[in-house]
Amino acid sequence: MSALTIEFAGSRYRFGGLHPEQGHLVRSRFEALLCRDETPPDVDVDVHYVPNPGAFMRRPPGPVEYRIGVVYREAAIAVAGIGFTANIDRTPFRAQMQTCLMDEWFLDGFENLFRVIACYRLFQEGALVMHSGAFTDRGRGFLFCGRSGAGKTTLCGLAAELDLPILSDELNAVMPSGNTFELAAMPFAGDFGGVPKRHPPYPLTGLLGLAHGANPSVDGCSKAEAVSRIVASCPYINADPTLVDTLTSRAATLIGRVPLKILSFAKDSRFWSVLDNEYRSADATLSR
Amino acid sequence: MSTEAQTQHYRVDPHARFRVMDDEGIFVLQGAGEVLVVNEIGAFIVEQLKSERSLDEVVAKMTERYAVDADRARSDVGSLLDELLRAGAIIRS
Numbered sequence: 001m002s003a004l005t006i007e008f009a010g011s012r013y014r015f016g017g018l019h020p021e022q023g024h025l026v027r028s029r030f031e032a033l034l035c036r037d038e039t040p041p042d043v044d045v046d047v048h049y050v051p052n053p054g055a056f057m058r059r060p061p062g063p064v065e066y067r068i069g070v071v072y073r074e075a076a077i078a079v080a081g082i083g084f085t086a087n088i089d090r091t092p093f094r095a096q097m098q099t100c101l102m103d104e105w106f107l108d109g110f111e112n113l114f115r116v117i118a119c120y121r122l123f124q125e126g127a128l129v130m131h132s133g134a135f136t137d138r139g140r141g142f143l144f145c146g147r148s149g150a151g152k153t154t155l156c157g158l159a160a161e162l163d164l165p166i167l168s169d170e171l172n173a174v175m176p177s178g179n180t181f182e183l184a185a186m187p188f189a190g191d192f193g194g195v196p197k198r199h200p201p202y203p204l205t206g207l208l209g210l211a212h213g214a215n216p217s218v219d220g221c222s223k224a225e226a227v228s229r230i231v232a233s234c235p236y237i238n239a240d241p242t243l244v245d246t247l248t249s250r251a252a253t254l255i256g257r258v259p260l261k262i263l264s265f266a267k268d269s270r271f272w273s274v275l276d277n278e279y280r281s282a283d284a285t286l287s288r
Numbered sequence: 289m290s291t292e293a294q295t296q297h298y299r300v301d302p303h304a305r306f307r308v309m310d311d312e313g314i315f316v317l318q319g320a321g322e323v324l325v326v327n328e329i330g331a332f333i334v335e336q337l338k339s340e341r342s343l344d345e346v347v348a349k350m351t352e353r354y355a356v357d358a359d360r361a362r363s364d365v366g367s368l369l370d371e372l373l374r375a376g377a378i379i380r381s
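Chain order of the listed sequences is A and B.
Taking my numbering, I'd label the letters of the first sequence as residues 1 to 288.
Taking my numbering, I'd label the letters of the second sequence as residues 289 to 381.
Simulated from the structure, these hints should not be mistaken for lab results.
Even for Gly, the Cβ is constructed at its ideal location relative to N, Cα and C.
There could be a bad hint or two in this list.
Claimed, not checked - No farther apart than 30 Å at their CA atoms in a straight line, the calculated lysine-lysine pairs in the DSBU-like style are these: (1) B:338 to B:349; (2) A:223 to A:261; (3) A:261 to A:197; (4) B:349 to A:223; (5) A:267 to A:197; (6) B:338 to A:223.
Said to hold, decoys possible - Which bits of chain A does chain B cover? Going by a derived footprint, with three or more residues having C-beta under 8 Å, they are: (7) 218-229; (8) 237-243.
Please construct the entire structure, taking both the sequences and the accompanying hints into account.
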């Protein structure tokens, strides 16, 4: 059995009980985020190998996209996916994973569970983990939230063509920092995947919702729409009855400090000059 | 909305959370993680449904608060209730 600790966005997650094959898979994927095991973790996750595939959701015969099942209980969150089940205790915050997997399917289950654990851990720390795309430019962080089909991956693709560094096109964390917020990369990427790497936090300069339009523009929106877009973008937490009120209040606090605006864009690079100009003006206003 | 529907009572689904922000209203539909936004008048209507109300009762509140005749209010309230029922934000009781 082996254990390893993964660190990102200011939190450390220790996974114990890993079989050597499982440990190798996780190390290969999260190598850049590993830290020394003697560092005290913020979250302990115990992995138990159960060599009984009949006890778990079966593997499909071919490639498949599926949603894990999540049940929100008062004391714990139950998670189930292909080849694994898990329980996340709320207090103290820790998790147990049972799995019959040791091959690449294990890594899928591991990442699916890790997403949920990280969303909860970072929410405890005052953060919002949002379905979003994010890129940076000269120390400025831009985050655009929205569910599947909103255009996150498209916009990340356009930003990448402009050599703007992409943090993730799937999940990003917005962390409180004094009176403002920072953008922290999460090691869960969609089409802009690859091996996760360490990123410094970036000041959250632009917080955006997405809309499609023939010509690029940045427009304001009502407080209710802004809050609703943020709440709708926060997976797991927005479906948890014990946390949804806190989430809504936190979203209102966020937009009070970093207003959410709506970026309309077409599938071309013109969005960037509009966005850059919008937030360059804001910087200039603040510095006067 | 049918006569039968008019005699029924409505209330916010216990699995939904509703909050007013700057006059607009936000529904968070737990479980689904869906969010709905309603305008000022919609928020006023939903506020009435925090306790169980019939269509007639909501229409009466509408005509007290806004300069709108009962027929128009009944039509508008009925449409909104239908939409909110379909979305799972309110329930019949």
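Tested hints:
1. The straight-line distance between the Cα atoms of residue 338 of chain B and residue 349 of chain B is roughly 14 Å, inside the 30 Å bound, and the hint therefore holds.
2. A C-alpha spacing of about 10 Å is found between residue 223 of chain A and residue 261 of chain A, which places the hinted pair at or below 30 Å, so the restraint holds.
3. A C-alpha spacing of about 29 Å is found between residue 261 of chain A and residue 197 of chain A, which places the hinted pair at or below 30 Å, so the restraint holds.
4. Restraint check for residue 349 of chain B and residue 223 of chain A: the C-alpha separation of about 26 Å stays at or below 30 Å, so the hint holds.
5. The hinted pair formed by residue 267 of chain A and residue 197 of chain A meets the criterion: a straight-line CA distance of about 28 Å does not exceed 30 Å.
6. Using a Cα cut-off of 30 Å, the hinted pair residue 338 of chain B and residue 223 of chain A holds, with the two alpha carbons roughly 22 Å apart.
7. Only residues whose beta carbon comes within less than 8 Å of a beta carbon in chain B count, and the region 218-229 of chain A has 7; three or more means the coverage holds.
8. For the region 237-243 of chain A, the assignment as covered by chain B holds, since 4 residues bring a beta-carbon within under 8 Å of that chain's beta-carbons and 3 suffice.
Comparing the model with each numbered hint stated earlier shows that all of them hold.
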